[in-house]
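J.: Put together the whole structure using the sequences plus the hints.
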Amino acid sequence: MTDRSAGPVACPPAARVVCLDAADRVLLLKRRDPYDGSRLREPPGGGTEPGETPLKAARRELAEETGLDPAAVLDRPVPVDRDVRWKGRRYSGTELFFPARFGGGRPAVSRAGPLPHERNALDAYAWVPWPDLGSLPGRIEPPHLLPVLAALLPGGPRRERFTP
Numbered sequence: 001m002t003d004r005s006a007g008p009v010a011c012p013p014a015a016r017v018v019c020l021d022a023a024d025r026v027l028l029l030k031r032r033d034p035y036d037g038s039r040l041r042e043p044p045g046g047g048t049e050p051g052e053t054p055l056k057a058a059r060r061e062l063a064e065e066t067g068l069d070p071a072a073v074l075d076r077p078v079p080v081d082r083d084v085r086w087k088g089r090r091y092s093g094t095e096l097f098f099p100a101r102f103g104g105g106r107p108a109v110s111r112a113g114p115l116p117h118e119r120n121a122l123d124a125y126a127w128v129p130w131p132d133l134g135s136l137p138g139r140i141e142p143p144h145l146l147p148v149l150a151a152l153l154p155g156g157p158r159r160e161r162f163t164p
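Our numbering numbers the first residue of the sequence shown as 1 and each following residue consecutively.
Since the hints were derived computationally from the structure, they do not count as laboratory data. Keep in mind that this is a model prediction, so the values were computed, not measured. Heads up, the beta-carbon is just placed ideally off N, CA and C, and yes, glycines get one too.
Ranges between beta-carbon positions, derived for each pair:
no.: 1; residue 1: 47; residue 2: 126; range: 18 to 28 Å
no.: 2; residue 1: 76; residue 2: 144; range: 11 to 21 Å
no.: 3; residue 1: 103; residue 2: 7; range: 39 to 49 Å
no.: 4; residue 1: 105; residue 2: 35; range: 33 to 43 Å
T.: Shown next as structure tokens:
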């Protein structure tokens, strides 16, 4: 392996989606870094393509990575500072996180949408109860996901139902 640990690289434009089901569980993707094998959990999302708005990127990434309905993503983003290691590099910058709410139990997610290199890095999906986020083992990105949730839902879980 080559040393790719020089200074941080600016995060490319990206958007993520904080998905909540009817029981206020948060969808996290468990990924394995192809560079060093480390694992992390994070909300679905990824890079913004040229000419794409952050909202369109969030909706596209959600559909690609999970098969969930992209129309559930609301245009109410919060900026989130990121400082993450991935593929042997440290990325630092701001990404937009968008809320999405899904009713009717625990929505089924699909592994059919991710690109082959993304499927290789994706270990699992999990709907995690909001109160359990702070006690999950391993790395969660962003590590301050609970304050991000509080910014997206100022009244807390079940008090706000993401009305547009």
